[in-house]
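Enquirer: Which chain is which? The protein sequence lines are P and X, in order.
Just so you know, we're using the numbering used here here: the first sequence kicks off at 502 and counts up by one.
Just so you know, we're using the numbering used here here: the second sequence kicks off at 80 and counts up by one.
For the record, the hints were derived by calculation from the structure and aren't laboratory data.
As the structure is a prediction and not an experimental result, all values here were calculated from the model.
Any given hint might turn out to be false.
[What the hints assert, rightly or not] Straight-line C-alpha distance at most 25 Å; calculated DSS-like pairs for lysine-lysine:
#1 Lys519(P) <-> Lys199(X)
#2 Lys199(X) <-> Lys988(P)
#3 Lys519(P) <-> Lys792(P)
#4 Lys988(P) <-> Lys1026(P)
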Amino acid sequence: MTSLQTVGHPTSRIDAEKRVTGAATYTGDLRLTGMLYARVLRSPHPHARIRHIDLARAQALPGVKAILTRENCDVIWASGDMRNKRYLFNNPVRFAGDAVAAVAAIDRHTAEQATRLIEVDFETLPFVLDPEDALQPGAPEIQPGGNLSPTARGARGPETYRRGDIDQGLGAADRVFEDHYTSPHINNAQLEPRVAIAQWEADRLTVFTPTQGISNCHTEIARDLELPPEKVRVICQFMGGGFGNKNQDHDFELMAALLAKSAGAPVKLEFTRKEDFLSVHGRWPTKQYYKVGVRNDGTLTAIQLRGYSGMGPYRKGTGGIAGIDIYQCPNVERMVYPTYTNKAVAANLRGPDYPQGVFGIESLMDDIAYALKMDPVEFRLKNMTRKFQDQLPYTSNGLENCIRRGAEAFEWKKRWHAPNEGSGPLKRGAGMAMGSFASALGRSSAVIELDSNGIYHLHVGVTDIGTAAKTTMALIAAEELGVPLEKIDVIWGDTARCPYSVGESGSRTTTHTGWAVIEAAKDLKRQIVEKGLPKANAILTAAANTNPSLNGVARFSFVAHFAEVEVDTELGHVRVTKYVAAHDSGRVVNPLTAESQVKGGVTMGIGMALHEELLYDRASGLALNTGYYGARIMTHRDTPEVEVVWVQTEDPYGPYGAKTLGEPTIIPSPAAVANAIYNAIGKRVKDLPITRDKILGVLA
Amino acid sequence: MSRISRRTFFEGTGAGLVASSVPLRGQPAPPAARTVPQTAIKLTVNGRVHRITVEDRWTLVEVLRDYLGLTGSKIGCDRGECGACTVLVDGKNVYSCSQLAVWADGRTVETVEGLAQNGKLDPLQQAFIRCDGPQCGFCTSGQLMSARALLNRNPHPNAEEVRAGMTGNICRCGNYNHYVESVLAAAGMRSAQPRTKA
Ligand code: FES
Ligand code: FES
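The shape of chain P in the complex, shown without the other chains (with noise of 0.2 Å):
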């Protein structure tokens, strides 16, 4: 791979300093003059009727100044919902935190007081919290026409995906492995609160929005509160996190939009932690039925999958559960139920539809390799995809390095063994699991203004969630255009000065927008040529929209993990002892920045492996654990040092051959540590997370 000149150096982020003097600015931070504050009341049950409302104790408290309620309100909120409405306030109710009421004050403490005199009439309904009983003949029915989410044609049945023929495949089998897994409603849990400033000048709405992507959150405002999409602005300067659970618009800042209107002043709503807990969405629950067919000498014959989802009351993700393309395999069935419940909202979190997936099939291939007496990487360098699907060519496909190459940094050799080996009550296993994630190209736009002190202000409406994508843009334009990083000036997250790019989602920002920025960039340099450099006040202007695409070939970054883990046996107890995290993503447009993705994505893995859950009660359907110390987020003790090796295959598409990284990181990490597990024990725990009562239920 030849070195370029800015590209591929370790480099801080552009706006660094603003991030350690307290100077960045974040959507809470933001005071407007006469500004409310607003809260929004819940509901306390899994699925109820409201019979009535009385609000007059709330209106008569001095400093109330709006309330909202489905009686007033019928306005929708169609990106929390794909397949049927979904009311900002829904009566029924169908899980508790669904919104009833949202109240703007004076100030905030106003405004939760007044939340707490309104005063609601429920009548309980029957609910469901498992996806396999809400499929049961007689469960309570959450949605009309059945707990079943029809499909984006509205059909009632199974996201469905077959090759070859799996029966055929079966019946060719030495051996069949079946086994069952699970995975639980994990919440996003990005430190930022959810909070919205909304304010009215005239006609004109402003929306300040911890937001993944100005461009959807801004068209996607004026869709549901019907105004013409250049009254509306969204602004996002700085964000804390979000991984996956912002890139539409959300209810927040139509309430504050509807609040402020209503109030005659500038809304700011603010959701506290348990509310982002119960009311915005987390990970999907899983349940996971496979069979593989598989020869004696470990080819693979046919992989089946059952699955269901659990996606809270309204569809908002796909429910998906992914992992199996990474090997090949003639004979394939995936179907996968989407199933409405009366637990919390489910959709996207790094990586949607594939930690959980990852999960389950590199378990049971991780038992099938045992089983034949292989070793698990030789099983997975085997059988793993070369083709996406067995049918396309990829465009580059580092996963082989990937694997080889980690599992020489991880001394697999050393640190694997048989199951369970060892004596004392500390037993120490390796475990490896791999992934692969769809490196999208796609529509996006750029801006460059040069103006005679020759800096480059390079317009891009990224937001920056903490991926250092500002700086990712900034490099790939000093690159293009040959200029130090210091000329380039990013302006970013605002709908009035940025154009459209695709928001940070689905890891896109770097291939997308990235691809927009080289693009006009020559655009500049050809301006340069024709009209020389800009004198006094004059300002030279290149801009690009692009939409590259793939014809007939499947891009996808690749990924393996090796972890090692040391599990006390007496006390259940899990560390993590040694963590190799090998990526194919490309090439590495900043190794500094890219390399906390990884770390990042890979902390978040080992969470999803061994802690976090949120946890129900049967009885009440209530969540149990809505914070970061019920949740068991992963802390500074918890986390192991995590050694990246980079894979740098040349891609002849994506920006300088760059693909996709941020969300990869997360999908082989709960696998890893699983089989690790197993390693040490010689028992398997198939749900997860992985903790101390199941490890010391297996070993009993």
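Fit chain X with the ligands to the supplied structure of chain P, relying on the hints for placement.
Expert: Frame of chain P, contents of chain X with the ligands only:
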């Protein structure tokens, strides 16, 4: 209250709707007329003395952020679980969401805004930049203040001591490796080099 349907909302866009949808029963009383107990306190924040009257229910972080404009300290949970609000009170790192402002009466408070001295960044801030500590940056002020408190009492910690000293500061972006590396680098215990293998 008048209805705000999508239809009337759109049609009524403009002053008319504002007037018709505001009326709530009774006139809201101005804040001063309310009966919430208040106390006059004196706070020294980053070397500056502030005398302010606070409502007894206000937390320290609310006063710092909403009334003194020091928004560097963040609220991640508002219930003592995440550490985003960490400040130093009389030199000790505390969760400012879990302290009432009145408790800080007469005390000295240091926030992230006070770390840089005369325009020069604290060694911790410099190391955080070099090692790419902050991702989204929302936990960063808290991480910095816990690290500052740690280095004040133990100028040369090892990695395990850093993790222990900062374990009350959650980073959901999961950048703990880089935070530990930053603190060790600032304390002169390790060089700040990314350990990437390419
Ligand atoms: S905001 Fe204070 S500990 Fe989370
Ligand atoms: S940098 Fe995002 S929470 Fe720590």
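Enquirer: Decide, hint by hint, whether the structure agrees.
Expert: Hint check results:
A hinted pair counts as satisfied when its Cα atoms are at most 25 Å apart, and Lys519(P) with Lys199(X) qualifies at roughly 13 Å. Using a Cα cut-off of 25 Å, the hinted pair Lys199(X) and Lys988(P) holds, with the two alpha carbons roughly 23 Å apart. Proposed proximity of Lys519(P) and Lys792(P) is contradicted: the alpha carbons are some 52 Å apart, above 25 Å. The straight-line distance between the Cα atoms of Lys988(P) and Lys1026(P) is roughly 15 Å, inside the 25 Å bound, and the hint therefore holds.
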